[in-house]
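Whenever a hint applies, use it, and build me the whole structure from the sequences.
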Amino acid sequence: MKIIRRKAIITESSSKEIPKTPIALKYSKKLYEFCIQNAEIYIQTRMNDPDLEKEMKLGFEKFLEN
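Quick note on numbering: the sequence shown equals residues 1 to 66 in the UniProt record's numbering.
Don't read these hints as lab results, they were simulated from the structure.
One should not assume that every hint holds.
Straight line, CA to CA, 25 Å or less: simulated PhoX-like cross-link-like pairs of lysine-lysine [unchecked claim]:
#1 62 with 30
#2 30 with 54
#3 57 with 30
None of these values were measured; they are calculated from a predicted model.
Below, the structure is given as structure tokens:
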């Protein structure tokens with residue numbers, strides 16, 4: 001009887017949906033700041049940085065395409 005009751009409690013608690021509340025994200029760190037007129041020069045210098053991740057390089061390339 002105890003096992004059945006425990007299973008019922010587990011099933012009931014796992015089937016309840018958790019309400020999702022919107023979360024406001026605040027980004028407090030500036031990674032890059034540059035004048036948009038000098039964007040191409042800035043990006044070309046950053047692309048040669050060996051510490052730059054692949055995702056950032058891809059993002060810079062896509063930015064230059066547009």
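Unmet hints by their number, sorted upward, for this structure: none
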